[in-house]
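K.L.:
Here are the chains, one letter per residue:
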Amino acid sequence: MLALVVAGVALTLVTGPSLTPPLDVLRVLAGQEVPGAGFAVLDLRLPRATLSILAGMSFGLGGAVFQTLLRNALASPDIIGISAGASAAAVLAIVVLGWSGAAVSLLAVAAGLLVALLIFGLAWRDGLAGARLILIGIGISAMLDSMIAYVLSRAPAWSLQDALRWLTGSVNGATLGQVWPLALALMLLGGVLLLRRANLEALRLGDDAAAALGVPIAREKLVTVMAAVGLIAVATAVAGPVSFVAFLSGPIARRIAGAGRSPLIAAALVGALLVLLGDYVGQHLLPARYPVGVVTGALGAPYLIYLIILSHRTGRPA
Amino acid sequence: MTRLAAEGLSAGYGQTPILRDLTLKVPTGAITAIVGANACGKSTLLRCMSRLLRPSAGRVVLDGRPVQGIPTRALARELGMLPQSPIAPDGITVADLVSHGRHPHQGPLSRWTAADDAAVATALEATRIVDLADRDVDQLSGGQRQRVWIAMALAQETDVLLLDEPTTFLDIAHQVEILDLLVDLNQSRGTTIVMVLHDLNLAARYADHLIAVRAGRVHAAGHPDTVLTEDTVRQVFGVACRILPDPTSGRPMMLPLGRHRTTADPSHRKDAP
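In order, the protein sequence lines correspond to chains Y and W.
Residues 1 to 318 (the UniProt record's numbering) make up the first sequence, in order.
Residues 1 to 273 (the UniProt record's numbering) make up the second sequence, in order.
Take these hints with a grain of salt, some might be off.
[Claimed, not checked] Derived contacts from chain Y toward chain W, CB cut-off under 8 Å, selection only:
1. Asp145
2. Ala202
3. Ala211
4. Leu213
[To be verified] A few chain Y residues that don't get close to chain W, going by computed Cβ distances all over 10 Å:
5. Ala155
6. Gly177
7. Tyr290
8. Leu299
No wet-lab data here; the hints were simulated from the structure.
The C-beta atom is built at its ideal place from N, Cα and C for all residues, glycine as well.
Work the whole structure out from these sequences, hints included.
P.N.:
This is the structure we're talking about:
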């Protein structure tokens, strides 16, 4: 897995409008001056690759946590509106309020938490039912998406360049300055989640069984949901709601890690790989240049339809 | 001697009170069966004792300490609980599921040790599911699956084990098998066992101590010989019955009496005209 991610990074660094020889890339990374390659590698491709990896890891981790906690593959934050909430807040902050940088990230996190709270609140009736939460989340997600579209349609033409980022997610124009808040969030919140992965696995046995195994249910759920929402929101504030990465990473990781082991680390790597390769495909392999979200969206949508058909047939949530 | 006891316990869900000022003592090293009509509070009692439910009044005491004050993980090392319907994650193997029993013995950073392996192996042997270790839990029969869940609770290595209706939904052969397994456990390890059971006759035969619960209170408690009487059954379950000695164990055996077919009516004979 890790090797695949490294290979993906290498591929991204080497490929541009013209191919840079791998040796030149290494020399640039080592700090040497290489005419014609320095700017492309250090200022364009490296930040882009780093951002792809960090955002992908955040989406993958956050998504897998939600899916595990709610015992439903459909309960991914990008399906139930948490990404849309963070995205809507970021759009409002940038277009209407003219904010930038860390303030946007903070507002996106706050909005993500608020939407999570709203969905959980609306779905709560003597406990949390996965199906009700997912339906409410999809509804809220649709409302927020239309709000984003409205704000963007009123935005001045010069800021429409960024529009696609907030609709499907993109790592275009990544700078190292964007990378720091995300790296920090991933270290703090991702660390919190990884330390709790045994508890999360125990929670899959049901609340009662997990409590009997010594998991303080209420506190664990609160901490993990908050950390996952925080991760998703920060990543969304930086890269936009990269479609379906959170949704796809968990199930793929579960298949790789095996049913008995925690999928969190695998999910983070799968997420990184999805964004990295999705972006590569969008940039270099398609006839026109597409943002990464278009590519991951095309991958994720069929899987979503498959899951919905499956849960309809078997009569239980997938 | 008593390690686990409930003192003046009241509890319920929302506004509906289910347990009303209930007090009981669980004899240490014995098998206790809790019986009672539907919705009398049997499961609620077990949930309070294992701290899955917080009582509105009163307390549960383990070794002189109220369980509410014991950290969750520490409690899980002393008291195991098998809830009524735990969920087996899709595609999980028997060995992986049983390994979850080691959860309270592990910290967030600690590694899996030889002691963990030994506990899992012992649990698989005690429940006789060693051969199934690599199978998917989904593919097992109901009786096998119940043995897997009990194995998980055994891997927890607690001195006290609570089980909420461990034999429900099992056919009679598997019910007897599970109860035999619990007796084995009790005899070989001295584990204190408390279980909710529906079948009065099996409860009377397998338990050393019987607790009959009615309307959120303990109606009678003690040796099955003294608890399982015609009066108790009528008051607790609202059904008339005859009590006969079980010809194999000598414990009391209950035959319910309904409105029909309660006399040796000659018209029920095959040779009747």
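K.L.:
Confirm or reject each hint.
P.N.:
Here is what the structure says about each hint:
1. The beta carbon of Asp145(Y) comes no nearer than 31 Å to any beta carbon in chain W, farther than 8 Å, and the hint placing it at the interface is violated.
2. Here the hint on Ala202(Y) is kept, as its CB sits about 5 Å from the closest CB of chain W, short of 8 Å.
3. With 8 Å as the threshold, the beta carbon of Ala211(Y) comes within range of chain W, its nearest partner Cβ sitting at about 5 Å, so the hint holds.
4. The interface hint given for Leu213(Y) is met, as the beta carbon of that residue sits about 4 Å from the closest beta carbon of chain W, less than 8 Å.
5. The non-interface label for Ala155(Y) is consistent with chain W: the shortest C-beta to C-beta separation is roughly 45 Å, beyond 10 Å.
6. The non-interface label for Gly177(Y) is consistent with chain W: the shortest C-beta to C-beta separation is roughly 33 Å, beyond 10 Å.
7. For Tyr290(Y), the non-interface assignment is confirmed: its Cβ lies about 34 Å from the closest Cβ of chain W, beyond the 10 Å cut-off.
8. At the 10 Å boundary, the C-beta of Leu299(Y) stays outside the reach of chain W, the nearest C-beta of that chain being 22 Å off.
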